[in-house]
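J.: This is what each chain is made of:
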Amino acid sequence: MMRVLRAFAAYHRAGVQTMFQYRAEIVLWAIWGLVNPAVLYAMWSSAAESNPDHTAAGFSRGEFAAYYFVLMIVGHLAAAWDAYEMGYLIRTGQLSSLLLRPLLPIWKAIADNLSYKVATLLFVVPMWFVFAWVVRPEFKAAWWQLGLGAVALVFGAILNFMLGYLVSLVAFWATKLDAMGEVYFGLGMFLGGRFAPLEALPRPVYWIAACLPFRWMFAFPSELLMGRTATVAEAVAGLAIQAAWILGVIAAFKVCWAVALKHYTAVSG
Amino acid sequence: MIRAIKLILLFARVSVQNIAAYRFEMIMRSIMSVLHLGAELVGVWTIFKNTQSLQGWGVPHMLVLVGVYRIIAGGIRMSIVPNMRRVFDDIRDGTLDFVLLKPVNSQFLVSIREFIVWRIADVILGAAVAVVGCVMLLGRVPPGPAAVFVVMLAAGFAIVYAVWLILATLCFWFVRIQNIEMIFWNVFEAGRFPIVIYRPWVQWVLTFIVPLAFITTFPAGVLFGDSTMVPRATPLLAVLVAVVLLVISNRFWRFGLRHYSGASG
Chain A
1 MMRVLRAFAA
11 YHRAGVQTMF
21 QYRAEIVLWA
31 IWGLVNPAVL
41 YAMWSSAAES
51 NPDHTAAGFS
61 RGEFAAYYFV
71 LMIVGHLAAA
81 WDAYEMGYLI
91 RTGQLSSLLL
101 RPLLPIWKAI
111 ADNLSYKVAT
121 LLFVVPMWFV
131 FAWVVRPEFK
141 AAWWQLGLGA
151 VALVFGAILN
161 FMLGYLVSLV
171 AFWATKLDAM
181 GEVYFGLGMF
191 LGGRFAPLEA
201 LPRPVYWIAA
211 CLPFRWMFAF
221 PSELLMGRTA
231 TVAEAVAGLA
241 IQAAWILGVI
251 AAFKVCWAVA
261 LKHYTAVSG
Chain B
270 MIRAIKLILL
280 FARVSVQNIA
290 AYRFEMIMRS
300 IMSVLHLGAE
310 LVGVWTIFKN
320 TQSLQGWGVP
330 HMLVLVGVYR
340 IIAGGIRMSI
350 VPNMRRVFDD
360 IRDGTLDFVL
370 LKPVNSQFLV
380 SIREFIVWRI
390 ADVILGAAVA
400 VVGCVMLLGR
410 VPPGPAAVFV
420 VMLAAGFAIV
430 YAVWLILATL
440 CFWFVRIQNI
450 EMIFWNVFEA
460 GRFPIVIYRP
470 WVQWVLTFIV
480 PLAFITTFPA
490 GVLFGDSTMV
500 PRATPLLAVL
510 VAVVLLVISN
520 RFWRFGLRHY
530 SGASG
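First to last, the protein sequences are chains A and B. The first sequence stops at residue 269 when you use the working numbering, and every number in between is there. The second sequence stops at residue 534 when you use the working numbering, and every number in between is there.
It is worth saying that the hints were derived from the structure and are not from the lab. Beta carbons are placed, not taken as given, at the ideal position from N, Cα and C, and that holds for glycine. There may be inaccurate statements among the hints.
Said to hold, decoys possible - Across the chosen pairs, the derived CB separations fall in these ranges: (1) B/PHE443 / A/LEU100: 16 to 22 Å; (2) B/ARG468 / A/PRO52: 17 to 23 Å; (3) A/ALA243 / B/ASN287: 46 to 52 Å; (4) B/PHE443 / A/THR231: 52 to 58 Å; (5) A/SER60 / B/GLY327: 52 to 58 Å; (6) B/VAL283 / A/LEU212: 32 to 38 Å; (7) B/THR364 / A/ARG101: 30 to 36 Å; (8) A/ARG91 / B/TRP454: 21 to 27 Å; (9) A/HIS263 / B/ALA308: 29 to 35 Å; (10) A/HIS263 / B/ARG282: 35 to 41 Å.
All chains should be modelled from the sequences, with the hints used to inform the complete structure.
T.: The structure is reproduced here in structure tokens:
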């Protein structure tokens, strides 16, 4: 265990250094996480103001501001991109060298994921404040909601990372299936409550979202952090569902990883 | 002129032959185009389930806008993206020498070398959605506005091309920024919706500083010919902006070329 931790720490240090070397590039990626919620906030706030009662799907303009402000943070901290990357690692043969190391490749992916988030903080945190200053969100979160919300955010990030990694294993069979990452991301966008708060979704889409894990990655932590989740019981139940999804995905990953490795034939040298 | 067209056709033919080798991928990509469009339509459905209008834009207006967005995005990914990515790579690796040695205008040649043929699916689907929106609103596609619409689309496409050429030219100085195209996509994201949803100062910026309004909102507005949404002089202005940007980007490209010394040995 100690050995794994030490190796992980080394991965993380190297990851942060690499990220800082490419700071211009990673900032360009991080900007998308700011622009997308900001654009959607503008759209929903103007939808709310076009209605006679100045709300849409039960959100006022200020509540949309709060939702998208929190979602901006959640979206950044729960970001994961392995569903895009695995095919590339396999095609270029980089996975082979990762497999030779005495640590599962997933640990490097986790370290890189955390490194990206650490390295971009200096840039995104001021941007979050600027956004909040411009749009004036209406918060009504109590302390318990912020506390449980922070836990929900961590769970959401773990769930998105693990499910993305699980889905990426498809690349072991179909190396050129780059569309996989796009589909995964698109589902998170719609069914995770990023394009619109879940209450705003048309009924059939809402029910699909209710059955899938995506809403527990983004929508649930955001609603909790902005103070929309009314009772402690509701919040704790949500955390339990998140935990159940995480355990399920990890179990599935263990099985699928073993099968995938048996199937693995290296590409290139 | 004839030689230029022949060259374009030649590169297009090679691109078609290249893609024909990967038929399964092409089918997958076409399915992805349909899914993409489906997602955007679910988006429109979601918006108008919760409101009657977005500052005066209703379902048919938004369908036209979605169509325009897909046409432009598809066109960009079909022709501009692959060529400009090759420019980034060529500048970094020093292989731009091969382009400069050819007896053709270098800017022209780097802009036509590669086409991602299956992206035409996006353009066709986008056009179909725009037509549906227009028919829902007016009962027909009026020929006059449709002609102006095509001119506006061409102008919008020229603006995008000029911006990408400027970004690619920047690589002569900043060799390592391969992700520079993210700048474009981040801004383009704001063009999914009519610019009236933004605050006045953002609208002003998106019209006069970053001419995004000319690329999606204005062409859509011209098609349904509502002068409250789009000022009358817009088409003229669009062509003007396009011409100015094309000239600037051409000058900048030539200026950048003087900086290029070939990276290879």
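J.: Taking the hints in turn, state whether each one holds.
T.: Status of the hints after comparison with the structure:
1. B/PHE443 / A/LEU100: 16 to 22 Å: violated (35 Å)
2. B/ARG468 / A/PRO52: 17 to 23 Å: holds (22 Å)
3. A/ALA243 / B/ASN287: 46 to 52 Å: Roughly 49 Å apart at Cβ, these two residues keep to the hinted range, so it holds.
4. B/PHE443 / A/THR231: 52 to 58 Å: Holds, at about 53 Å.
5. A/SER60 / B/GLY327: 52 to 58 Å: Hint violated: Cβ distance 22 Å, outside 52 to 58 Å.
6. B/VAL283 / A/LEU212: 32 to 38 Å: violated (43 Å)
7. B/THR364 / A/ARG101: 30 to 36 Å: Cβ of B/THR364 to Cβ of A/ARG101: about 34 Å, so the range 30 to 36 Å holds.
8. A/ARG91 / B/TRP454: 21 to 27 Å: holds (23 Å)
9. A/HIS263 / B/ALA308: 29 to 35 Å: With Cβ atoms ~31 Å apart, the hint holds.
10. A/HIS263 / B/ARG282: 35 to 41 Å: holds (39 Å)
Violated hints for the displayed structure, listed by number in ascending order: 1, 5 and 6.
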